[in-house]
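**Q** Spelled out from the first residue to the last, the chains are:
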Amino acid sequence: MGSVPISWFLTLSAVLFALGVAGFLFRRSIITVFMSIELMLNAVNLSFVTFSYQLKKVDGHLFSFFVMVVAAAEAAVGLAIILTVFRNRKTLNIDDVSSMKD
Amino acid sequence: MPVDLMPASADLIRLLPEIVLTLMGTLLMVLAAILRKRSSNAYGNLSIAALLAALGAAVYAYTRQGPAFGNMLVVDGLATFFRALVIVVGILTVLASYRFLRRQGAETGEYHALLLFSIAGQCLMAAANDLIVVFIGLEISSLASYVMVGYLRDDKRANEAALKYFLLGSFATAFFLYGVALVYGITGTINLSGVRAALTAPESCLQAGAGSVLCVQNWLAPWPIFLGVAAALLFVGLGFKVSAAPFQIWAPDVYQGAPSPVTAFLSTGPKAAAFAVFLRIFMSAFEPGGAAWEPLVWFSALASMTIGNFAALRQSNVKRMLAYSSIAHAGYVLVALTARSADGAAAVMFYLGAYAFMNIGAFAVVGHLAGKGERYQDIEDFGGLGQKQPLTAAMLTIFLLSLIGVPLTGGFFGKFYIFKAALESHLVWLTVLGLLNSAVAAYYYLRVLVMMYFREPSQAAIEAEPLRPGLRAALLVSAVATLFLGIFPNWVLDFSNKSAAMMK
Amino acid sequence: MDVVIFLIFAIIAVACAINVVVQTHPISSAISLVGVMGSLAVIYLLLGAEFIAAAQVIVYAGAIMVLFVFVIMLLNAGAEATKGRAPMAHLLGPPLLAAFLGILAFVVRRLFPREYTAHFGGFTHGTAKDVGRALFTTYLLPFEAASVLILIAIIGAVVLARKEMD
Amino acid sequence: MDSFIVISVVKAVVVFGALLTALAYLQWVERKVIAHIQVRPGPYRVGPHGLLQPVADIVKLITKEDLSPPFVNKTLYLAAPFLAMTLALMSICVIPFGPAIRVGGVQTWMQLTDLNIGVLFVLAVSSIGVYGIALAGWSSNNKYALLGSLRSSAQMISYELPLSLAIASPLLLSNTLSLRLLVDSQAGGAWRWNALRGPFPQIFAFVIFLIAAFAECNRVPFDLPEAENELVAGFHTEYSSMKFASFFMSEYANMITVSCMATLLFLGGWDAPWPARYGSSLVPTVLLAGAGLMALYHGIHPWRRRDRYSLPAAGAVFLLAAAVFLLPAVQSWLMPLFWFGAKVGSILFAFMWVRGTLPRLRYDQLMGFAWKYLFPAAMLNLLLTGFLVAWGS
Chain G
498 MGSVPISWFL
508 TLSAVLFALG
518 VAGFLFRRSI
528 ITVFMSIELM
538 LNAVNLSFVT
548 FSYQLKKVDG
558 HLFSFFVMVV
568 AAAEAAVGLA
578 IILTVFRNRK
588 TLNIDDVSSM
598 KD
Chain Z
5 MPVDLMPASA
15 DLIRLLPEIV
25 LTLMGTLLMV
35 LAAILRKRSS
45 NAYGNLSIAA
55 LLAALGAAVY
65 AYTRQGPAFG
75 NMLVVDGLAT
85 FFRALVIVVG
95 ILTVLASYRF
105 LRRQGAETGE
115 YHALLLFSIA
125 GQCLMAAAND
135 LIVVFIGLEI
145 SSLASYVMVG
155 YLRDDKRANE
165 AALKYFLLGS
175 FATAFFLYGV
185 ALVYGITGTI
195 NLSGVRAALT
205 APESCLQAGA
215 GSVLCVQNWL
225 APWPIFLGVA
235 AALLFVGLGF
245 KVSAAPFQIW
255 APDVYQGAPS
265 PVTAFLSTGP
275 KAAAFAVFLR
285 IFMSAFEPGG
295 AAWEPLVWFS
305 ALASMTIGNF
315 AALRQSNVKR
325 MLAYSSIAHA
335 GYVLVALTAR
345 SADGAAAVMF
355 YLGAYAFMNI
365 GAFAVVGHLA
375 GKGERYQDIE
385 DFGGLGQKQP
395 LTAAMLTIFL
405 LSLIGVPLTG
415 GFFGKFYIFK
425 AALESHLVWL
435 TVLGLLNSAV
445 AAYYYLRVLV
455 MMYFREPSQA
465 AIEAEPLRPG
475 LRAALLVSAV
485 ATLFLGIFPN
495 WVLDFSNKSA
505 AMMK
Chain U
14 MDVVIFLIFA
24 IIAVACAINV
34 VVQTHPISSA
44 ISLVGVMGSL
54 AVIYLLLGAE
64 FIAAAQVIVY
74 AGAIMVLFVF
84 VIMLLNAGAE
94 ATKGRAPMAH
104 LLGPPLLAAF
114 LGILAFVVRR
124 LFPREYTAHF
134 GGFTHGTAKD
144 VGRALFTTYL
154 LPFEAASVLI
164 LIAIIGAVVL
174 ARKEMD
Chain W
1415 MDSFIVISVV
1425 KAVVVFGALL
1435 TALAYLQWVE
1445 RKVIAHIQVR
1455 PGPYRVGPHG
1465 LLQPVADIVK
1475 LITKEDLSPP
1485 FVNKTLYLAA
1495 PFLAMTLALM
1505 SICVIPFGPA
1515 IRVGGVQTWM
1525 QLTDLNIGVL
1535 FVLAVSSIGV
1545 YGIALAGWSS
1555 NNKYALLGSL
1565 RSSAQMISYE
1575 LPLSLAIASP
1585 LLLSNTLSLR
1595 LLVDSQAGGA
1605 WRWNALRGPF
1615 PQIFAFVIFL
1625 IAAFAECNRV
1635 PFDLPEAENE
1645 LVAGFHTEYS
1655 SMKFASFFMS
1665 EYANMITVSC
1675 MATLLFLGGW
1685 DAPWPARYGS
1695 SLVPTVLLAG
1705 AGLMALYHGI
1715 HPWRRRDRYS
1725 LPAAGAVFLL
1735 AAAVFLLPAV
1745 QSWLMPLFWF
1755 GAKVGSILFA
1765 FMWVRGTLPR
1775 LRYDQLMGFA
1785 WKYLFPAAML
1795 NLLLTGFLVA
1805 WGS
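Chains as they are written, first to last, in the numbering used here: chain G, 498 to 599; chain Z, 5 to 508; chain U, 14 to 179; chain W, 1415 to 1807.
None of these hints come from the bench; they were simulated from the model.
Where is the CB? At the ideal position from N, CA and C, for every residue including glycine.
Treat the hints with caution; some may be incorrect.
To be verified - Listed next, with one range per pair, are the computed distances between beta-carbon atoms:
| # | chain 1 | residue 1 | chain 2 | residue 2 | range |
| --- | --- | --- | --- | --- | --- |
| 1 | W | Ile1419 | U | Ala111 | 43 to 51 Å |
| 2 | G | Arg584 | W | Tyr1777 | 20 to 28 Å |
| 3 | G | Ser596 | Z | Val432 | 50 to 58 Å |
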């Protein structure tokens, strides 16, 4: 029984966000890198919803709704870009996609 | 129960440029389906018409200034300036695209529709007064430009550029959003006017919601820290869009890999719109907590200038060199932002205006010379251009001199106002370092000039086709505008001063 | 009760998120990510965001992640190579990341003192009705702009993924 | 609190018991229906008229060797059928079968739980239902299975859109997302049902919903994922024994769910087509009595010798049931169940009828149909409904 401190939700959100950043930096598969970004967006949504609870306003829900819409649009475009890259190079490793150098 | 969902006509008028652009973009798609022609000049002509109409709409909206849609949007001098700027950038991009796309056999309706949508997103950013509108405008502009970068799908470099731009762009967007979330938690609103009100009269706690951090913390905790973190996260997102250091790594690859007209567009349009948002967020909403974010911008300005200029020195690929130079230019603009004054804001606007013309012009020439498949991008390829195509070379000379900041060009006054504003805000060190940087920059621009006039014609210069009307118009307009801003700066400067003063 | 539910799903979420990062195979990462999204949906319910919870499952887990899984299957993506990573990232990455996480966690924890808590039923204005009303009145402009965004996404995906350039 | 838990447990046991039995017998019914369409008797050997066939099938499936191929991705291979089955059964939790009833002085609903967002819950569960199939195909490490699940993912994503849009229009008329209130808003007879009522009858939405539902359940004519002549058995090629049965049962559970949803959304749920005072409460008695008399008649003049005993027995059962429906004490909760069951049953029969009649579509036709016809039609219907509702209020 009992209620959950608001700061726990925010900490969870921060942890998930940091894990997303870690995935983005350390993974080499393009698709996993992209998924890490989705993880970060999810973390942000949790923050929005938590603040919304704390402020007793519905606005935060709207923001996370828009984030979802944007994430869906990004996923469509991003996966299409990944498909074109794969078609031209037959690889999904981000290190292999670097033909331009100083 | 039924709410009146129809917005007021004044609201719609203030949104008119975006509406025009979106409708015309959709019309282009429908037309492309009806015409059943993959490649045609008609699409370009139509999109020029759309952009001219949008320009008219932006000016018309200016006559009916004020907030719209419950203060989500605000039409004022700043908004109108940047709307007009990105629309003009769009016109120049279309003019420069005609021949380029024809050469690639890719002058399709989709390209122009995406361009129009992207510009609509940038107009929305310029006028946005609410972080959620900023965010959606940013995404409209970005998603369209991701696709435009990878538009030539069979080009390996373009794919790679699109992928990098997309991944790093979305990464930065996530940071921006986290910043938005923190702002929402701290102040209880993400409306920029609301944020400002909450931060200026915080002790009353009335502006912010009862549950916001501002009220909860009760002034025992150091709230500027939270605001600083929020500002830093927002800065990451926007700094990425303007390719400010340390978020610049994508720029060289993307600028090099993208089709030249798209590069010209990317280096000016989204950048200008992002700086408009910068001005709104940092100079207006976060102004009360200015001390929290100033060191951040200071550092970023210096890093951008230095990294951009010194990396540009080493480049042999001209597109890549211009990419680094555009990082450096973002640094100069950040110097003006660091000044945190109305003069600084006016200088930002003036500089971006001048920069748009000279940079689009420079990239248009590069794209013209590069030939089919963008083979010739090396600095050596500019050899003897002055001999073979004197007009093109003369234009490029104007643009490069302006990029250096030579008097009588727009670039000179841009830099002048920026450093003046910085000095007035006692940023002596930043000014000195910035001036040193401009001196370094002169070297690599001059290298191109020397190549053009003092070398034997290269293969590229010999093969280069004569200037087509569209491209010639784009170059002439850019050159004339660059010179105009360099000789009669007052007209634009007065407007930006007035807008900057009004912004508060 | 609320604390228990929160802890259970928070732990699942973090465990799945860690799994997203450490798994070498994209499809395992994708499934773990679906796990994160599912547990977040439960936490949203706890916070009274029932519409967002449903949207989270429908949009994120049911549409976006299905698209990911689809692309992974279509490209037949294998496990990623473990060698050939930049050594700098490995040396500098973990400490930097730990620092970042530390700062972030510290800041957000300081945002609200402990006595500010949440419990199920403490906020009941997250229903579809409330969200819908706000969406079509206050947030009309972003809503319309979002529809343009989706149009761009469709055009973009078609332009990039179409078979022939004819 | 205690009684709440007890009631919930009892309800869960009853609902899931009934559901699992229904799943087993749906299979028998389907085989019979298909058989009669093709003029053959169908299952006949095990029990009278093959009535024990499902039991035999279950015994067979359980005792079969549980093969687990060496080349599969173990975790996901095992998780996939479990996932498919769980998700398929989950939707049933929020589906109401009837109005409130009083049992031993306690009032309760014929529903496991009511959610404010019941419709969204069902949509959410059905939208992640595709994972079971996708993972099954992928983890099998077999190209036919992979192709089958690729097709299935694409198909389910595509048909999810017209399905959701078709659901949205009756919601506009009923103005609620709770499944129970949805039925309440349609009470009062067939002309108040969403499929028929003004200002804009949702009959088109109903048809679109059914077509999309066929595709969502991977049923003929949209059963491409398991097209046996080109893809062996599609995504479940590598599955055997109970794991195979899980997929099989989840398909039938999905059929039941969508039929229930169609009934609740468009056909007024447990509401009788016309009020009881005009004799709608006599319908089950008349029907059952008719069936009983017919069975008795055939028992007297049997075609086959064994029917001499089985048919009169069945007739007696039917007559008894007809009599039960006349008791006022049970009528209050049996009548809603009857109407709900009758509507769901008719839709399930439509599933079987179509399977016995229509050929399978080609894959590109299937996708083209969803995007070019079904989606615009659903969109248009929603727009028209929206305008008319806004205009009417």
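**Q** Taking the hints in turn, state whether each one holds.
**A** Quick rundown of the hints versus the structure:
1. Between Ile1419 (chain W) and Ala111 (chain U), the C-beta spacing of about 46 Å keeps the proposed range 43 to 51 Å intact.
2. A hinted range of 20 to 28 Å for the beta carbons of Arg584 (chain G) and Tyr1777 (chain W) is consistent with their spacing of about 21 Å.
3. At about 44 Å, the beta-carbon gap between Ser596 (chain G) and Val432 (chain Z) misses the expected band of 50 to 58 Å.
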